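A.B. asks: For reference, the chains in residue letters:
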Amino acid sequence: MRFDPSEIGEVLEMLLFRELDIRAVTLSVNTLPAIRPTVGDTLAALEEALEPLLKRLRPAVERVASRLGVRIVTVRLAVSPVSIMLEPIGKAEAAVEIAKHLDGLAEKHGVDMVGGFSAFVHAGVSRGDAALMEALSEALNSTRRLAGFLNVASTATGVNMDAVRAAAEAVLKMEPHAAARFAATANMPEDVPFMPGAYHGLGLPDAVVNIAVSGPGVIEAVVRNMPNADVRTLHDAIKRAAFKITRLGELVGREVAKELGVPFGSVDLSVAPSPKVGDSVAAILEAVGLPRVGAPGTLFALALFVDAVKKGGAMATSTIGGLSGAFIPVSEDAVMAEAAREGALTFDTLKSTLAVCNTGIDMAGIPGDAPPDAVAALIADVMAAAVALDKALGVRLVPIPGAKPGDVYDLGGLYGRVVVMDLGKYGDIPLARRRGTAPPAVERLKKG
Amino acid sequence: MELAVVSVLGADRVGIVAGIAGVLARHNVNIVDISQTVVRDIFSMVMVVDMSKADVDIAQLRRELEEEGRRLGVMVGVYHIDVFRYMQRI
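Protein chains in written order, with full-length UniProt numbering: chain D, 1 to 448; chain F, 1 to 90.
Because the hints were derived from the structure by calculation, they are not lab data.
This structure is a prediction, so every number in the text was calculated from the model and none was measured.
Beta carbons are placed, not taken as given, at the ideal position from N, Cα and C, and that holds for glycine.
Incorrect hints may have been included.
Said to hold, decoys possible - These stretches of chain D come out as covered by chain F in the derived footprint (C-beta under 8 Å, 3 or more residues): (1) 5-11; (2) 242-249.
As the list claims (entries may be wrong) - If you anchor each label on the Cβ, the simulated ranges turn out as follows: (3) D:Asn225 to F:Arg13: 28 to 36 Å; (4) D:Arg63 to F:Gln36: 28 to 36 Å; (5) F:Arg89 to D:Leu299: 29 to 37 Å; (6) D:Ala355 to F:Asp55: 51 to 59 Å.
To be verified - Here are some chain F residues the structure puts well away from chain D; computed CB gaps all over 10 Å: (7) Ala11; (8) Arg13; (9) Val14; (10) Val17; (11) Gly22; (12) Arg26; (13) His27; (14) Val38; (15) Val39; (16) Ile42; (17) Asp50; (18) Val56; (19) Glu67.
Please model the complete structure; the sequences and the hints are all you need to start from.
C.D. replies: Here it is, written out as structure tokens:
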């Protein structure tokens, strides 16, 4: 097979100068066989189930990265929802012990993050769920690599306001580094390679490999080279770039799965940013023609971009999974963070963008003493939209102690610089204290 | 054939092609295709090489080529052909 020098040049430019890399290889493992009635036995069984795979995970990923010459930024593990493992034990102290144990296993084996310290409470709270929720803030505060979510709403059941409230209160008890590893979510799919959404779903085999791609820099360069193109031509060019980015994910996923001897799960088409310069989704939107992300036109630009990414990516992999849209985590995207600091990007803008992307409100800072009502109500807003639109959305807020809107807190690494945003002037919101579960939308009835 | 792409980029000087090709020859790696240009004193070269009879794996070859690149003051990248096959061909 012959390649034109320009074809080789294009790929080299993406890899060398446009920050094209694989954001995450996530090994998803069924840990339910490790359920035991006591915490000591559970920890031993967990280790027995995970160690044989974990020993091989990092070396397998490194072999593939080295053979192909492609950077793989993070190696991750997703386990079955820990709330299920807690069902027979039902104690918060056990949840904290499991959390620390998973964190330790990850550190020992060079795994950057572990997802699955999670519970599904969209229609009610079971014994295991209650134990996990009670332990949530302590578990995340006392670990470095553990991630989790509370799924507090679903299209099928509606929005559980008790769980929304619990999520808000848990977040406010978390230190910034811990809050960055937690989200309140709706409709979480089973094969997400991104944290904190990753967990091993009930419909999956014992182990699978899921892939998250990166590459906003590639698309930004494409858009910048077409200043006079009409929007359809631009859409087509983004689609082609998204295809190529996703194909790299497909290749890496197949190779890692082969190395590990487990099935290949899916590629999440989402183009994820990082705090590095030249790796920003917001910069793509600005290149499409915005003076600043957040300006009028933001929704249109994002919709154009997301649609092109989905269509290009859909052709590139036969196993699409995860969230597959656009990610706009505020702190993890240098341009997005700057727009938030300038006040161009507000919670209202972020709420509007969730109509066309799969993020919701992600990695936005709030004051450490934010009113619980306001936090719960903000989560409820996003959850209501997820139910009405029948899509997966999340809220990831980072409380910064002693901070006020406009302040910046550096979390470091891929998390970036958290900008504290204005939650508005209403701290007392009686709605956020009402209990119960809001009914699902008529969307539910269409499913039978 | 076990193909790989070798890219070399940096300030132009005498001996870059010889240096890189020397490492390849030493490990029995055959150059299948080569394109090389100098624009405004920036040297750029892309080689497609066959590693099927090589006495090292791609990781070891990369290490040695990078080392040679450092000596020559150029940036060397080594990529498996599958990356290009996946991204440029359906």
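A.B. asks: Now tell me if each hint is right for this structure.
C.D. replies: Status of the hints after comparison with the structure:
| no. | hint | in the structure |
| --- | --- | --- |
| 1 | 5-11 | holds (count 6) |
| 2 | 242-249 | holds (count 3) |
| 3 | D:Asn225 to F:Arg13: 28 to 36 Å | 31 Å, holds |
| 4 | D:Arg63 to F:Gln36: 28 to 36 Å | 31 Å, holds |
| 5 | F:Arg89 to D:Leu299: 29 to 37 Å | 36 Å, holds |
| 6 | D:Ala355 to F:Asp55: 51 to 59 Å | 58 Å, holds |
| 7 | Ala11 | 16 Å, holds |
| 8 | Arg13 | 20 Å, holds |
| 9 | Val14 | 23 Å, holds |
| 10 | Val17 | 16 Å, holds |
| 11 | Gly22 | 21 Å, holds |
| 12 | Arg26 | 20 Å, holds |
| 13 | His27 | 16 Å, holds |
| 14 | Val38 | 15 Å, holds |
| 15 | Val39 | 12 Å, holds |
| 16 | Ile42 | 13 Å, holds |
| 17 | Asp50 | 13 Å, holds |
| 18 | Val56 | 12 Å, holds |
| 19 | Glu67 | 15 Å, holds |
Every hint from the earlier list agrees with this structure, and none is contradicted.
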